[in-house]
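S.K.: Residue strings, one per chain:
Number of protein chains: 2
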Amino acid sequence: MNRLSLNQITTRNWSLPQAVQGCVDAAIPAIGLWRDKVAETGLTRAAKLVRDAGLAVSSLCRGGFLTATGAEGHRAALAENLRALEEAAELGTDTLVMVVGGLPEGSRDLTGSRARVAELLAELAPHAGDFRVRLAIEPLHPMFCADRAVVSTLSQALDLAEQHPVDQVGVVVDSYHVWWDPDLARQIARAGDRIASYQVCDWTLPLPADALLGRGHVGDGHIDFRTLTEQVTAAGYTGFVEVEIFNQQIWDTPGEQTLATLIERHRAHVAQR
Amino acid sequence: MNRLSLNQITTRNWSLPQAVQGCVDAAIPAIGLWRDKVAETGLTRAAKLVRDAGLAVSSLCRGGFLTATGAEGHRAALAENLRALEEAAELGTDTLVMVVGGLPEGSRDLTGSRARVAELLAELAPHAGDFRVRLAIEPLHPMFCADRAVVSTLSQALDLAEQHPVDQVGVVVDSYHVWWDPDLARQIARAGDRIASYQVCDWTLPLPADALLGRGHVGDGHIDFRTLTEQVTAAGYTGFVEVEIFNQQIWDTPGEQTLATLIERHRAHVAQR
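Top to bottom, those sequences are chains H and X. Taking numbering that gives the first Met the number 0 as reference, the numbering of the first sequence is continuous, increasing by one, and the terminal residue is 272. Taking numbering that gives the first Met the number 0 as reference, the numbering of the second sequence is continuous, increasing by one, and the terminal residue is 272.
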């Protein structure tokens, strides 16, 4: 239980103050915040709320969207990510989750988009160091390659991260996005202290009409969380296990009930025995 | 045009005789057959039809489904694939496309399922040699890992294929399944004469309610077919380019119209200039 974190998208109908109170009531020690929810509450107030509640902030979601073309797109992406780094620092988290973005409208230049991600990461990394916040590159499931993230495997994320100091750029291991990868065990071992965040939710079928919302509670799907957690732990990761679920049915469930399920599933499938 | 092949699932509402006639009328020189359509027509009659029409049979879809557990599941998979090999030989194709199967009901043992695939391939490979038909392992997009194919990357397919003589086990490069792979260029070059089939259709968004049916005509989506085809050609592949599309709207289109689109898109995006 002392490693469980609620990513607040999992209780999407809760405001930030409600999610903080929910964690306190359920004795969940950490929370992953989203920038839109922080903005709703106000940055200073949000930071004070989590601090006063004694919660750790396991991550801020999210920076990224680095694939825009042209000088203007480049400038805008840089500025937005600097703001996100500043917010992360103010909120007291050392981890900014980076969803790098998909192909620009009408583009088929996947190689070029991937090169732009590398370039912008190189610009951002020193700033991350200044803020003492780590850019955590999240490989997204290949089904999101065209529209959300051209970083599709842990190996690719590590190739990018290893260009920079370990305290500036790391990676996210999100079960939903990487569970299928035949090379996963080897890449997790390789990742070592590059693992900035371990996020969990399950692969459930069928995929819903909106493929983004197909994620299930840990234990409801096809992922072997016992093995995955052992691999992440063996790599040296000692941080929080953040539950991040995009699922309309779960969003429509009362938050208290969702948190009770999180705790039950964490005990059954994730927590070390 | 002399390398274009119609995979008959693309004109799903056509019977095998209709698809053969459609290819003849459109001057498409090859066809990829499906076992259920062959069975509808009768194996001997189907073989005679394509032979008399002067069509090459670029592949038979499909063998596979090798992940069943238990002695009975094992025996059934072996028997079914031997039948498929025999049909392929009778139909005059040297390529049996293998969709290896997903996780067995209730299983989370992805590593175990992958090991079973390797075991059954080892049993089948010598028989493939006897029939002079190559088992063509098709890596499927990772979004089908749980329910259709635990072989998810070209690298993984090649690791399996390279255990066997090149004339017994090869791989399929299907644009839809592999286009996102950051390691793709390197793996295609590695594949060389292991490439038994090159299948094309485009990645279009949004994914439909049935994620299986989201494939689009070449040119309608996000894949750079010019680059992909160059890579496959540079690897030494000189066989057919088979258009295989699962898409309800395209299935509802008159076959003649679909074939006209195939030809137009092949010229615009695939054929060497």
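Just so you know, not all the hints are guaranteed correct.
[Claimed, not checked] Not the full set, but computed from the structure, chain X residues with beta-carbon under 8 angstroms of chain H:
#1 Leu48
#2 Glu85
#3 Thr152
#4 Gln155
#5 Leu206
#6 His221
#7 Ile222
In case anyone wonders, no lab produced these hints; they're calculated from the structure. This one's a predicted model, so the numbers in the text were calculated from it and none came from an experiment. We put the CB at the ideal spot given by N, CA and C, even for glycine.
S.K.: Are the hints correct? Go through all of them and say.
M.R.: Verification of the hints:
no. : hint   : verdict
1   : Leu48  : violated, 37 angstroms
2   : Glu85  : violated, 31 angstroms
3   : Thr152 : holds, 6 angstroms
4   : Gln155 : holds, 4 angstroms
5   : Leu206 : holds, 5 angstroms
6   : His221 : holds, 4 angstroms
7   : Ile222 : holds, 7 angstroms
Checked against the numbered hints above, the structure violates hints 1, 2; every other hint is satisfied.
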